[in-house]
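With the sequences and hints as input, model every part of the structure.
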Amino acid sequence: MAFRKDKKQRQHYLNIVYVLFQKVPQVLEKYIKKKHNIELLEAIEKTEDDLKKVLTVDEWSHIFHIRRLSKHQLYPYYDIILSNTKLDTGVVDYLITQGVLTLEDSDEVSKCANQTKKNKFILDRIMHQSENACDHFLKAVQREHEHFAEIFKTTNTQEVYLVKREESKEIGYNMIRIKKNYEMLVREMSNVPSIIDHLVTVEVLNTDDMEEISSIAVQSDRNRKLVSKIRTAKGYSEFIVALHADSVGTHLADIIESTPITEADIALFKP
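So that you can map any letter, position 103 of the sequence shown is 100 in the working numbering, and since no number is skipped, the others follow by simple counting.
Hints were generated in silico from the structure; no laboratory data involved.
Treat the hints with caution; some may be incorrect.
In silico EDC-like cross-links for lysine to aspartate or glutamate, where the CA-CA straight-line distance does not exceed 16 Å [stated by the list, open to error]: (1) K222 / D243; (2) K226 / E260; (3) K222 / D205.
Computed spacing ranges between beta-carbons, pair by pair [what the hints assert, rightly or not]: (4) K114 / S191: 38 to 44 Å; (5) D218 / K114: 23 to 29 Å; (6) Q139 / D205: 24 to 30 Å; (7) T99 / E209: 28 to 34 Å.
Note that this is a predicted model, so its numbers are computed, not measured.
Quick reminder that beta carbons are idealized off the backbone N, C-alpha and C, glycines included.
Below you can see the structure in the form of structure tokens.
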């Protein structure tokens, strides 16, 4: 009986590992390296038989997919691109023009349920092609996310770490400012249609977001939904720009921008 329980638990843990590997491969990679002093790919090879017993064919195929990606020059930045970058239609259009993506790829991107899945689809397509495709990708990203493109080109690992850490810190601080003023925004934010129009124009929101927010009848609920869409550095800065478009919004934006962030706030709002 104990054997069956141990076996069931082992299968459960292996499935958890797979989910982590699928969602945040670098986090798992760093943990395994620190905990067991072994590289992720080596760990996969040593547990291949066990993994094949608990994973489906598609899941095992995904393992090979990640193993292949791990050798690409963009892999060290894979997670940060997924979570902190908005690969928008401008990026896709440029890559189609350069022959890196196809019209069919563009259709597939439009079907993706959220921005992270769009980023993942585009990034995976780039990482399965030649170095030339990567160069075009960097040029495309440079247009909207210059800071990220500079990170890709930096060869000094420590410098890369510091740049990413500072950028992540600033994004975190801005989100804390939003949260500390959340009740005020929900209660007092007005002229939401023009704010949404601006955010759609600069591709922080898409037309689906616009329809979702606009369909909400109660103003406070509409404000809540709009605020929930602000998740990136560009999203925050463009949201502030949109608020400044009228006197009421300017007052709110000034309060948000001048909101101090303390150590207690960082601890309280830690994700």
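Going down the list of hints, with the structure as the test:
1. Distance restraint check for K222 and D243: the Cα-Cα separation of roughly 20 Å exceeds the 16 Å cut-off, and the hinted pair is therefore not satisfied.
2. Of the supplied pair hints, the one linking K226 and E260 is violated, its CA atoms being roughly 25 Å apart against a limit of 16 Å.
3. Distance restraint check for K222 and D205: the Cα-Cα separation of roughly 13 Å lies within the 16 Å cut-off, and the hinted pair is therefore satisfied.
4. Restraint check, K114 to S191: a C-beta distance of roughly 29 Å breaks the suggested window 38 to 44 Å.
5. Here the CB-CB span from D218 to K114 is close to 26 Å, well matched to the stated 23 to 29 Å.
6. At about 27 Å, the CB distance of Q139 to D205 agrees with the hint of 24 to 30 Å.
7. The hinted window of 28 to 34 Å between T99 and E209 holds, with their beta carbons roughly 29 Å apart.
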